[in-house]
Amino acid sequence: MRSDAYWWRWLATGLCFAVFGAASLGLGLAVLPLLRLTAAPAKGRLRVRRVLAAAVRAYLRLLPVLGVLSWEFTGAERLGRPGQLILANHPTLIDVLFLLGFAPGASCVVKGSLWRNPFTRWPLLAAGYVPNAPTGLMIGEATAALAAGQSVIIFPEGTRTVPGAALSFHRGAAAIAIRAAAVVTPVYIRCDPPTLTKREPWYRIPPRRVHFSLRTGADIDVTGLRARASGPLAARELNARLLDAYVRELAGP
Amino acid sequence: MSAQIFEMVRGSLVELFGLDPARISPQSRLADDLELDSIDAVDLVDHMKHLTGRKIGPEDFRAVHTVADLVQATERLLRS
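Residue numbers (the numbering used here), protein chains in the order written: chain A, 12 to 264; chain F, 8 to 87.
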């Protein structure tokens, strides 16, 4: 049964995608490259990321106004610290916007298809984010970013959660954490009802308005683990711990 | 293949991955038998860099599939 202004939400959703595409191109091809041109590489990248974060926050404020979704984010002020590895689960297409918007200046590990997407590739290149492949490059660049005092956003799942399947984390995030993170901070993302998942195309919007609820969890200290075990073994243990934390959090109310 | 280098490599694998030394022979395949993946490969290469004191590029380890390959690649590095 379709309710809650279904057709308005459907139209507004389409409009939001169009705005996203236009903004990605406009920022990515014109504004952001100019910011890079006028500064040294590291400073230019930081400027780009901050401008992107501001644009993303404006977009996130637009979405509830248009009635397509509502959202709340507790603990966002704890994001964006030097050497912080920010983890999140990945139920929907737009999760990353919340993280980019509220951890300004952070770098982000981004998967291959987005670097090839004709809309998103330009802002990604301007911001100097980290590619997720090849493995050695990802680990090297993410580690270097953390060591240089940046915060880094990464989705341990590597891609959106498969609805109905058990949560599964690639060890890359844990490996990066063990190597170079000053602190590891998990963000738990819930989306109800589910939307923009791996399974559904964007135009299959849910019967009622979507609510995103994000919570920044307690910091995870990795210094003890790092001292106790070899890199690979510490990463395996950390990965298991992280997965367990997420499974428990997301299972609850 | 040098027995000394083989022991050094085997010792590294045990230390890094907690493997049983009895399971490691020159024919052991890193991925299929010892269950190492691409992340482990990065850690392994870093470890070999420290051990040999040599700069290691991706080409040096590209064709490494077995422990014997790893020992030979290490020998080449030490000779260079």
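These are computed hints drawn from the structure, not numbers from a lab. Where hints are given, some of them may not hold.
[To be verified] In silico DSS-like links for lysine-lysine, alpha-carbon gap of 30 Å or less:
id, chain 1, residue 1, chain 2, residue 2
1, A, K122, F, K62
2, A, K122, A, K209
3, A, K122, F, K56
4, A, K122, A, K54
All values derive from a computational prediction rather than experimental measurement.
Here is how each hint holds up against the structure:
Pair hint K122 (chain A) plus K62 (chain F) holds up; C-alpha atoms about 28 Å apart against a cutoff of 30 Å. Taken as a hint, the K122 (chain A) and K209 (chain A) pair is honoured in the structure, with Cα atoms around 14 Å apart against an allowance of 30 Å. For the suggested pair K122 (chain A) and K56 (chain F), the alpha carbons sit about 28 Å apart, so the restraint of at most 30 Å is met. With a CA separation close to 24 Å, the supplied pair K122 (chain A) and K54 (chain A) stays within the 30 Å bound.
In this structure, none of the earlier numbered hints is contradicted; all agree with it.
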